[in-house]
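Colleague: Each chain, letter by letter, is given below.
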Amino acid sequence: MTVATDPNPVFSAFAHPERLVSTEWLAEQLGEPGLVVVESDEDVLLYETGHIPGAVKIDWHTELNDPVTRDYVDGEGFAKLLSAKGIARDDTVVIYGDKNNWWAAYALWVFTLFGHEDVRLLDGGRAKWEAEGREYTTEVPSPAPTDYPVVERDDVTKRAFKDDVLLHLGNPLVDVRSPEEYSGERTTAPAYPEEGALRAGHIPTAVSVPWARAVADDGSFKPRAELEAIYEGEKGLKSSDSVIAYCRIGERSSHTWFVLTHLLGYPDVRNYDGSWTEWGSAVRVPIVRGTEPGELPAK
Amino acid sequence: MSTALPASLAGIRDDFLALEQRERLQLLLEFANGLPELPERYREHPDLLERGEECQSPVFIFTEVDDAGRVHRPATAPKEAPTTRGFASILAQGIEGLTVEEVLELPADFPGTLGLDEAVSPLRLRGMGGMLGRIKRQLRERPAA
Numbered sequence: 050m051t052v053a054t055d056p057n058p059v060f061s062a063f064a065h066p067e068r069l070v071s072t073e074w075l076a077e078q079l080g081e082p083g084l085v086v087v088e089s090d091e092d093v094l095l096y097e098t099g100h101i102p103g104a105v106k107i108d109w110h111t112e113l114n115d116p117v118t119r120d121y122v123d124g125e126g127f128a129k130l131l132s133a134k135g136i137a138r139d140d141t142v143v144i145y146g147d148k149n150n151w152w153a154a155y156a157l158w159v160f161t162l163f164g165h166e167d168v169r170l171l172d173g174g175r176a177k178w179e180a181e182g183r184e185y186t187t188e189v190p191s192p193a194p195t196d197y198p199v200v201e202r203d204d205v206t207k208r209a210f211k212d213d214v215l216l217h218l219g220n221p222l223v224d225v226r227s228p229e230e231y232s233g234e235r236t237t238a239p240a241y242p243e244e245g246a247l248r249a250g251h252i253p254t255a256v257s258v259p260w261a262r263a264v265a266d267d268g269s270f271k272p273r274a275e276l277e278a279i280y281e282g283e284k285g286l287k288s289s290d291s292v293i294a295y296c297r298i299g300e301r302s303s304h305t306w307f308v309l310t311h312l313l314g315y316p317d318v319r320n321y322d323g324s325w326t327e328w329g330s331a332v333r334v335p336i337v338r339g340t341e342p343g344e345l346p347a348k
Numbered sequence: 015m016s017t018a019l020p021a022s023l024a025g026i027r028d029d030f031l032a033l034e035q036r037e038r039l040q041l042l043l044e045f046a047n048g049l050p051e052l053p054e055r056y057r058e059h060p061d062l063l064e065r066g067e068e069c070q071s072p073v074f075i076f077t078e079v080d081d082a083g084r085v086h087r088p089a090t091a092p093k094e095a096p097t098t099r100g101f102a103s104i105l106a107q108g109i110e111g112l113t114v115e116e117v118l119e120l121p122a123d124f125p126g127t128l129g130l131d132e133a134v135s136p137l138r139l140r141g142m143g144g145m146l147g148r149i150k151r152q153l154r155e156r157p158a159a
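Read top to bottom, the protein sequences are chains D and E.
Each residue of the first sequence is one higher than the one before, starting from 50 at the first, in the numbering used here.
Each residue of the second sequence is one higher than the one before, starting from 15 at the first, in the numbering used here.
Do not take every clue at face value.
Stated by the list, open to error - Simulated restraints on C-beta separations:
#, chain 1, residue 1, chain 2, residue 2, range
1, D, D203, E, V114, 51 to 59 Å
2, E, P50, D, P335, 46 to 54 Å
3, D, S330, E, D123, 19 to 27 Å
4, D, V59, E, V114, 54 to 62 Å
5, D, E229, E, D123, 27 to 35 Å
6, E, E44, D, A331, 40 to 48 Å
7, D, D120, E, Q40, 47 to 55 Å
8, D, P116, E, P157, 25 to 33 Å
9, D, P56, E, Q40, 39 to 47 Å
10, D, P335, E, E44, 43 to 51 Å
11, D, D213, E, G111, 52 to 60 Å
12, E, A32, D, G135, 26 to 34 Å
It should be emphasised that the hints constitute simulated quantities derived from the structure, not laboratory data.
Bear in mind that the values here come from a model prediction, so they are computed numbers and not experimental data.
All C-beta atoms in this analysis are idealised placements derived from N, C-alpha and C, irrespective of residue type, glycine included.
Build the full structure now, drawing on both the sequences and the hints.
Modeller: Encoded structure:
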């Protein structure tokens, strides 16, 4: 950790308050040595329209994903990317983005796969920064390249593949997509491309907690007690559980992964990035339709 | 596929292809910035908002056909979604004034010919393909004049 954490009392109830920073804190810390601000958006052009001064852009499609295989960049690729962005291994990285930090959380999760230690989210993301009328610039920084080490990606601890999910069945799964996606009623209008999956529904026994339930009206995370009421009170999760979260391609579930891991402090949460676009097209994997979690198939 | 691309769309494509990758993103931004605001009469009609899956940006599709059978103002998107706006702007400029038949004959793979795969990614470009598909659907389904 290079830069001191945000002491904001709003975060103190969370299991890992050091993983969040407020807009006020960030505005004061901009330019601090050892701090790199990263914008990561769904929309590839949003950064160009204006961004937090000094922030660099990391795009998940064109930079974090491998261009050929459906996977992330490897250790060399990640080292090359972060070196070019001027990020050192021990830098404090604060990530923010559009859509309530979906892609910011996704980028944070990928940084985690590579063991980048101090990576934090800007609570409320781009929307909150903007709503507060804080400064934007279109000036793109040209950081001095760093020498980021080549680190092997850890695909075991925080990431789940389809086979891992099959083995996991019987343990808690959280489906964070919209209720319509969960139940399997497609809202597909005529002439819409049916994107990504051949079958609709959810993985048997997965509980439905749309990602947005973790977020307050201003885009910031809800307080811990409210989060516990949802994930534990209502859905019965426990911090001792092994949990896998999924969505359509793994970005909304990165957001939920962040909530369970860093805000509620669950030690064993994995993100299934193959998510519905893989599961819904895989041959012979069990699927349940309707609004109930459903039963496991008989072995 | 023998029909030639209308000059308006061919010109846009050639403009993109003449640029370096990074500059192509800037041109897309210029398209996004150049898209007119939503006309007042549509602003009060959220029902005209055709929304894709949750992950996708909202886009307004409201093709109009004038008495001469020419297509106008096919699509727009909010400013928080500049890429979608850029796509909408390309289609709006490229399609403006074409006949219904010309629009229906546009190749579905037009977005893939703009050279934006690397800068924007093929997955995002599908959004423009979807937009074009929905414009065509509205034209097909419009009530007979």
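Colleague: Which of the numbered hints above does this structure break?
Modeller: Violated hints (numbers, rising): 7, 8; every other hint is consistent with the structure.
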